[in-house]
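Numbering (my numbering), first residue to last: 1 to 232.
These aren't lab readings, by the way, just hints derived from the structure by calculation.
Some clues are possibly wrong.
[Said to hold, decoys possible] Listed next, the in silico SDA-like pairs over lysine to any residue satisfying Cα-Cα at most 20 Å (straight line):
| no. | residue 1 | residue 2 |
| --- | --- | --- |
| 1 | Lys101 | Ala112 |
| 2 | Lys101 | Thr127 |
| 3 | Lys155 | Leu98 |
| 4 | Lys197 | Arg137 |
| 5 | Lys101 | Gly176 |
| 6 | Lys191 | Gln164 |
| 7 | Lys155 | Phe185 |
| 8 | Lys155 | Lys115 |
| 9 | Lys197 | Asn138 |
| 10 | Lys101 | Glu111 |
| 11 | Lys136 | Arg122 |
| 12 | Lys136 | Gln201 |
| 13 | Lys101 | Phe209 |
| 14 | Lys115 | Lys197 |
| 15 | Lys136 | Gly176 |
| 16 | Lys191 | Asp216 |
| 17 | Lys197 | Ala148 |
| 18 | Lys191 | Ala112 |
| 19 | Lys101 | Glu173 |
[What the hints assert, rightly or not] Label-pair distances were calculated between CB atoms; the ranges are:
| no. | residue 1 | residue 2 | range |
| --- | --- | --- | --- |
| 20 | Ser89 | Arg219 | 48 to 56 Å |
| 21 | Ala141 | Gln220 | 23 to 31 Å |
| 22 | Glu213 | Phe167 | 22 to 30 Å |
| 23 | Ser206 | Ser151 | 36 to 44 Å |
| 24 | Glu86 | Gln118 | 47 to 55 Å |
Quantities reported herein were computed from a predicted structural model and do not represent experimental measurements.
Cβ atoms here follow ideal geometry from the backbone N, Cα and C, with glycine treated the same way.
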Amino acid sequence: MSALYDDSWQVLLQALGRLVTTPEGMIALLTFVVVLSAARQLKVQNKKLDRWPRRKGAAALRLRSPSTPLVAMPTIDMTDPNKQFEYISRVEFEPLPLLNKSEYRVLLHLEAAVKEVQSGFRVMAQTNMGEIIRPKRNSAASRDLDGAFASINSKRLDFVVINQRGFPVLAVEYHGRGHFHAKTFMRDAVKREVLRKSNIQFLEISADFESDELLDTFRQRLRGLTDDGRVQ
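Kindly generate the complete structure, drawing on both the sequences and the hints.
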């Protein structure tokens, strides 16, 4: 078997030697090498694609080769209340705390300061920014207005003080331990800029706050506000 194997290789090498002696033979040989390399690469990609769904957990999506059409998962219209009811009917729910212990302490201090100042202000917790702030109409192009609203609509403020007419006058953010990283820094920057442009006062509270000092800060901030939220 070994001798037959050696003879076959010798015959192949001799044929290749004769092939490269002419330009046409050289072109044919190069074409063969390119096709062979492409076929090998395609085989490797097919193996990777076959393994990918199992590795990623996408059991519903089976990719066999680049020639197999990619079938997208059907899009579910979650704006349809009938579909919403179907989903909620299949699962159980449980309540979650609106605030953690530290945030609740901040709320108590803020409520105490509001009550002491007797300004008619009220305190709200975990307020969606899109419910209390919106871009001014005709202040920019329609696309920019939509993008600006989408940028704030999913963001929440820890606490918001509203005046007697229900308008926000002061926003308070509590930064617990482990709060700061790259994404939270940019989210906070977006909140600060939107509040500044909306003429809403902004106060940030650190995780190591002192109760008495925090209460004094709240009193001063509230007493320094007019009914429409401007600083006196």
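Here's how the hints hold up against the structure:
1. Lys101 - Ala112: Roughly 17 Å between the alpha carbons, so the hint for Lys101 and Ala112 holds.
2. Lys101 - Thr127: Judged against 20 Å, a Cα distance of about 18 Å means the pair holds.
3. Lys155 - Leu98: Distance of about 15 Å is within 20 Å: holds.
4. Lys197 - Arg137: holds, 14 Å
5. Lys101 - Gly176: Between Lys101 and Gly176 the Cα gap is close to 11 Å, so the pair holds against 20 Å.
6. Lys191 - Gln164: violated, 23 Å
7. Lys155 - Phe185: holds, 13 Å
8. Lys155 - Lys115: violated, 28 Å
9. Lys197 - Asn138: Holds. Lys197 to Asn138 sits at ~15 Å (cutoff 20 Å).
10. Lys101 - Glu111: holds, 15 Å
11. Lys136 - Arg122: Violated: Lys136 and Arg122 sit about 25 Å apart, past 20 Å.
12. Lys136 - Gln201: holds, 18 Å
13. Lys101 - Phe209: holds, 13 Å
14. Lys115 - Lys197: violated, 28 Å
15. Lys136 - Gly176: Violated, at about 33 Å.
16. Lys191 - Asp216: violated, 24 Å
17. Lys197 - Ala148: Roughly 12 Å separates the two Cα atoms, so the pair holds.
18. Lys191 - Ala112: violated, 25 Å
19. Lys101 - Glu173: holds, 15 Å
20. Ser89 - Arg219: 48 to 56 Å: holds, 49 Å
21. Ala141 - Gln220: 23 to 31 Å: About 41 Å separates the Cβ atoms of Ala141 and Gln220, which means 23 to 31 Å is violated.
22. Glu213 - Phe167: 22 to 30 Å: holds, 28 Å
23. Ser206 - Ser151: 36 to 44 Å: violated, 26 Å
24. Glu86 - Gln118: 47 to 55 Å: holds, 50 Å
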